[in-house]
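S.K.: Construct all of the structure, not just a fragment, from the sequences and the given hints.
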Amino acid sequence: MTPRSRLHVPSPPARPGQEPDFSYLQISPAGAVPRPDVTAAARAIENLSVEMVRVLGEDHRALGPWNPHLEPAELQVGLRHMLLTRLFDDRMQKIQRQGRISFYIKSTGEEAVAVAQGMALKPGDMLFPSYRQQGLHVVRGHNLVELMCQCLSNTHDMCKGRQMPIMYHWAKGNIFSISGNLATQFPQAVGWAMAAAIKGEDNIAAGWIGEGSSAEADFHYAMTFAAVYQAPVILNLVNNQWAISTFQGFAGGEHKTFAQRGPGYGIPGIRVDGNDFLAVYAVTQWAAQRARQSGGPTLIEQVTYRAAAHSTSDDPSRYRPKEEWRAWPLGDPVTRLKDHLIALGEWSEERHRALHQELDAHVTACWKEAESYGTLTGGPSLDPLTMFEDVLRDMPPDLQRQREQLRALRSAAADGAPAAASVAKEG
Amino acid sequence: MARMNMVQALNSAMDVMLERDPRVVLLGEDVGYFGGVFRVTEGLQRKYGEHRVLDTPIAEGGIIAAAIGMGVNGLKPVAEIQFADYIYPGFDQVVSELARLRYRSAGDFHAPVTIRTPCGGGIRGGQTHSQSPEAIFAHVCGIKVVMPSNPYDAKGLLISSIEDEDPVVFFEPKRIYNGPFDGDPHKPAIPWSAHPRGEVPDGHYRVPIGRAEIVRAGKDLTVLAYGTMVHVADAAVRATGVDAEIIDVRTMAPLDVDTLCTSVCRTGRCVVVHEATRFGGYGAELVATVQEQCFWNLEAPIQRVTGWDTPYPHAFEWEYFPGQARIAAALRQVMESA
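Taken in sequence, the protein lines are chains A and B.
Mapped onto the numbering used here, the consecutive letters of the first sequence carry residue numbers 1 to 427.
Mapped onto the numbering used here, the consecutive letters of the second sequence carry residue numbers 1 to 338.
Hints listed in this document are in silico derivations from the structure and should not be mistaken for laboratory results.
Every residue, glycine too, gets a C-beta built ideally from N, C-alpha and C.
Incorrect hints may have been included.
[To be verified] Anything over 12 Å on all C-beta distances counts as not near chain B; from chain A, calculated:
(1) L70
(2) T108
(3) D314
[Stated by the list, open to error] One-sided and incomplete, this derived list gives chain B residues near chain A with beta-carbon spacing under 7 Å:
(4) P57
(5) L75
(6) E97
(7) F109
(8) G125
(9) G126
(10) E163
(11) D184
(12) H186
(13) P188
(14) A189
(15) P311
(16) P313
M.R.: So this is what it looks like as structure tokens:
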């Protein structure tokens, strides 16, 4: 046989109808990975990019050097934020299925990423999320009504009807605007962090992308610029195993861990159990402290699982086993933190049910209020003439003319007559 | 007042803004220690330090993305893309991010970034160092697009761009960095010191974005041009003896429709000149606008003189370049049409 080249086309371990198989996943025991000093040289801690930082053990106790030793009250806040994020997601999905919003993206199964990280950072730190970190808004206290109004494109929509649902932003809360184009926020986060350092400020930036979008050039830009200037930034790569229908192997995850890309750039890479609230909190705290001390950037790979569909437009039953989520070896972040609190004697199933009920009622009340500001199909609505605003700071003459053209068309339509004169004049 | 070429005028604009506004930072490939491959940022890192004039990795997408992040964090970044031909790796960051950030966040976020980039041919740059992609950017809503034709405008427009709260893509026609080029490569180069627009104030002044300028008054015909082609058109007008009004468009977006169309409605004839390729080029927008506004005043079909619809060929750049002869032919043709 003459040797010839062949492509390796990655294939996930299991397809619909097959047994889920996560044997490819390397998992370190809880408490097993040493915690280096935040001043450690990147090359001295490359093991962190291969092993997996985990704190919560099988018996639901916090183990080892990465235990952040949070007060029970803080853990309860974390549980509350994660549960609220999940219930909010569940409700919005139902609402989308009823046709009352056009689109939605859930973060189910990966709530610990945004919530634990949001809690570990300071309010002045600037966050550059992807579309699956709604938990950041929850942690920073963004009123759910405002998030819902954005999804509704109603009169209270922060984006004035210009963005698809979930493309939130919150300037006051230091959470950047979601683009919709993948990975673009990653190098922007680095630029923000560079500016903080240029200005001599203490705040750091944090950016998030998925393992799928880490294939974009923007990931490389972010890593290169962060490494070159030792920018005070935390670069988070959320490896939830699936990018719509392609498994993590299509982003290059078969050969090395995503965290291992860090050392290639001279940046510490930390691989963490993304469903372990305590571990995610601890590595974020480590990276933040390092960045604030001029120690430069850190790449954190959060190993988690996208339990929900990519979006409401997606049907994962066509490309992965339905039972995969149940077989996911790192469990459910909400259940794991709940069990930990129960093991500490600081929580109970009854309190959990009560919290569930309370938050569910809160989501209901928020939705009622949000709907009162208008829906896509009814109630008060935004003035379409506002679409001409904010293209530039001041509206240029051509846009003023186009706005007047639409105004004339609308008033003519309202009067039942065609706006012939005005259209002809404009051409 | 000082005598400056365009390189010195642009350098002076950045010097003035770095001095006046601590938020201004420069970044780009080779712009720091070395002062830029065209010397436009020469001496600025030495004067303002390496935190304000940054050499960057060779990654145009990264440069523009970093500038956006800096802009969001309160700085006024001026990013240099070494050649306009190199801007495409950063195109997504310009089109999807920089241009739309203010809009998509309903005004809550914006990034006042200026992107400077040398454009145009006539320097034996071949197809990757000669392009004029202004139409590609003028097509994108949410950015301003500027191209000066002389040192005075270059400095005043760059200062306006840096001060602007909106993003600006600032094209620098590199063939006229050192002198006003009339399209004849065989004549000795003329320095800017011999040109009235080589007189440049040392300090701060602005040339407004969004305003075209009548650089030569005339009665019979209006020539719309910008960048290098203003000078080539001027030479062609002199050669033909046509009493043409020449308008330097200066800002591709937002366009100064009134100045352009007032002139064409008066002269009744129009020739549009640019160095970029013709199909879907910026000239098409100019012609369409003039036609909409001036149709009943037109005495002849509007002509476009542009680069051919081919890449810029290294060996045949003067056959490609829309020089005096082609402009003169268009002028005559428009004058002869009745």
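S.K.: If a hint holds in the structure, say so; if it does not, say that too.
M.R.: Tested hints:
1. At roughly 30 Å from the closest C-beta of chain B, the C-beta of L70 (chain A) stays outside 12 Å, upholding its exclusion from the interface.
2. Distance check on T108 (chain A): its Cβ is at least 26 Å (rounded) from any Cβ of chain B, clearing the 12 Å threshold; non-interface status holds.
3. Distance to chain B confirms D314 (chain A) as a non-interface residue, since its nearest Cβ pair spans about 22 Å, more than 12 Å.
4. Residue-level restraint check for P57 (chain B) holds (minimum Cβ-Cβ distance to chain A is 5 Å; threshold 7 Å).
5. Hint status for L75 (chain B): holds, given a least beta-carbon distance of 5 Å to chain A, under 7 Å.
6. A cut of 7 Å between beta carbons decides the hint on E97 (chain B): the least distance to chain A is about 5 Å, and the hint holds.
7. Because the smallest distance between the Cβ of F109 (chain B) and any Cβ of chain A comes to about 5 Å, under 7 Å, the interface hint for this residue holds.
8. At a threshold of 7 Å, the smallest CB-CB gap from G125 (chain B) to chain A is about 25 Å, leaving the interface hint violated.
9. Annotation: G126 (chain B) was flagged as interfacial toward chain A, and the flag is violated, the nearest CB pair being 25 Å apart, outside 7 Å.
10. For E163 (chain B), the interface hint is violated, since its Cβ never comes within 7 Å of a Cβ in chain A; the closest pair sits about 12 Å apart.
11. With a cut of 7 Å, the hint placing D184 (chain B) at the interface with chain A is violated, because the nearest CB-to-CB distance is about 37 Å.
12. Because the beta carbon of H186 (chain B) sits about 42 Å from the nearest beta carbon in chain A, more than 7 Å, this interface hint is broken.
13. For the restraint placing P188 (chain B) at the interface with chain A, the shortest Cβ-Cβ distance is roughly 42 Å, beyond the 7 Å limit, so the hint is violated.
14. A least Cβ separation of about 37 Å between A189 (chain B) and chain A goes past the 7 Å threshold, and the interface hint is therefore violated.
15. For P311 (chain B), the shortest C-beta to C-beta distance to chain A is roughly 24 Å, which exceeds 7 Å, and the interface hint is violated.
16. Proximity of P313 (chain B) to chain A is violated relative to the hint, the smallest CB-CB distance being about 29 Å (cut-off 7 Å).
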